[in-house]
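If you read the sequences in order, they're chains A and B. Under this note's numbering, read the first sequence as residues 27 to 510, first letter to last. Under this note's numbering, read the second sequence as residues 1133 to 1250, first letter to last.
These are calculated hints, taken from the structure and not from any lab test. The structure displayed is predicted, hence computed values, not measured ones. Every residue gets a Cβ at the ideal spot worked out from N, C-alpha and C, and that includes glycine. Keep in mind that a hint or two might mislead.
Partial chain B-side listing against chain A, Cβ under 10 Å, derived [as the list claims (entries may be wrong)]: (1) LEU1219; (2) GLY1237; (3) PHE1239; (4) LYS1243.
With a Cα cut of at most 27 Å, we get these calculated DSS-like pairs of lysine-lysine [to be verified]: (5) A:LYS64 x A:LYS381; (6) A:LYS64 x B:LYS1244; (7) A:LYS64 x B:LYS1243; (8) A:LYS64 x A:LYS385; (9) A:LYS188 x A:LYS381; (10) A:LYS188 x A:LYS385.
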Amino acid sequence: MSQYINPSDLTTILPAIVLTVWACALLVADLFIPHERKGWTAVLAALGLVVSLDITLIQAGGTSTGFKGMVTLDGFSTFLNALLLVSGLFGVALAYGYVRRMGLERGEYYTLLLFSVVGMMLMVQASDLIVVFIALELLSIPLYVLAALNVRQIESEEAGLKYFLLGSFSTGFLVYGIALIFGATGSTSYSGIVTAASAGTSSLLLTIGAALLLVGFGFKVAAVPFHMWTPDVYQGAPTSVTAFMSSGAKIAGFAALLRVFALAFPTLTADLTPILAALAALTMIGGNLIAVSQTNIKRLLAYSSIAHAGYILMAFVPYGNPQVMPVSVAAGLFYLVAYAVTNFGAWGVVIALEKQGGKGLEISDYAGLFWKNRPLALAMTVFMLSLIGFPPTIGMVGKFYLFRAVIDGGFVWLAIVGVVTSLISAYYYLRVVVNMFMQEGEPQTGSEFWVNFTWGLTALMTIIISFVPQPLFAWASSAVLRLF
Amino acid sequence: MLIEYIAIAVLLVLSTAVALIAVGLGTIFGPQKKSEAKSMPYESGMSPYGEGTRRMPVRFYLIAVLFILFDIEVVFFLPWAVVFRQLTWFGLAEMVIFITILLVGYFYAWKKGALEWE
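Can you build the whole structure from these sequences, using the hints too?
Shown next, in the form of structure tokens:
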């Protein structure tokens, strides 16, 4: 065809291309949708996500690389892209009624969300550091804008600005890391880096570059000690945005982290494994300990999100051990799904209780919820139990897989840290449950169909998958197997 | 390999030294008589008024953002035009896609009234 481009290049990233075109068309179409009917924009955005999800699933099983090895399509990318697109759908469902109720209804919300999903999908598929960088920008910049969407509320503005400044700062680390890696190996593609690193060129520069990359990704997935922005941004941003970014950005960040470390830095195992282990332990301890003293549900879930970044990081610790690696990463992927499902449900409940002007967000506002709205309180209980890792929930199965993989990898102390911090977390998660069941109160709940649908569906998934986790885990395992 | 950079190091050291000597000698040997006129921001005789940080209409910001957008477009055109012959139809298709994406944004900004001053 041409020396510059092949049809296979385009089919490799077809879901992302379709979504990009759809988002551009949506941006224009939204201009002609009258303000009272902005719901149409949400429906169109959801339709775009469904179309892209369809293409992703049709492509399942295929493997190809495109644009001279800069992007890859494999089981790993199919698995995570499907998860990201479903996250996008949940994000639209949660936003649909919420933005209208809060007076934030703007068509740009959905366009930005679609662009962010495109960035996440490209990040999953990237097999070149330059693509990682561009994808990271594409996923972050819409999120900065979305965080500041509620401009009339000063907390939202603060969240947007803080996220923007710290996000740019972390991107700086990432770019610096890429530059050093390029300096050490003369390549930005993962295969080129491995080739140069195995040949044994200046490895100190490469190690520093890899460490800087880790800092950049650490910011994105909110790992301690790079987590400072998380509580303020998660609290200030509109709740539907928080729900989407706490799941989506984490999935994309971990996907890129895994691909980079497994494919580009297998030679640096000795240096990086202790750093990853320390990071995971710090994140679990830090996130769970600070969460204990929170009284605001959004901040509580923000620290919970930090703590879960630590649990997922555990899966990457034995990345240099070829025997343990596939199982451990499959456990990580399973936990990402478990976290996304539970997280969307929990945020859905928060949205159901939130009222205008940031009211209804204290844990004390949940007092007596069980006596007022039983399904909602029971769903919240399921999510809290799942976040602790208590049976019969998907969170418990996920933690079981994770701890087993980490022990197999020889990091028993890390598994112990995980178990102990889970026990600590039971205190603050159960406090929400105790409030709902045993305190007196008059909570008011909204009843928007799509919000109810989201927490209802995710609550069912949380329980059902815990009884039949095998198909999902098998899918995750096969996704990982094709990676290597 | 590193030895090739010695010229840059020499330049750095020399330029720093010259600057330090020029400023240092003046500070050590020059007479220093402070007066009110000398400590003003502009020694040209213009007396400053008002505050240092004045409010600007936020519209300038929008114009600046749009300017940067189209500025980058023009910058991107230049290298593209240089290698256009080698790229042939592929280059044309790429540029058409680029312009289309830009036009979508332009149309959006136009329709939203970002180009109107009032």
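Margin query: Flag every earlier hint the structure violates by its number, smallest first.
Written below: The structure breaks none of the hints.
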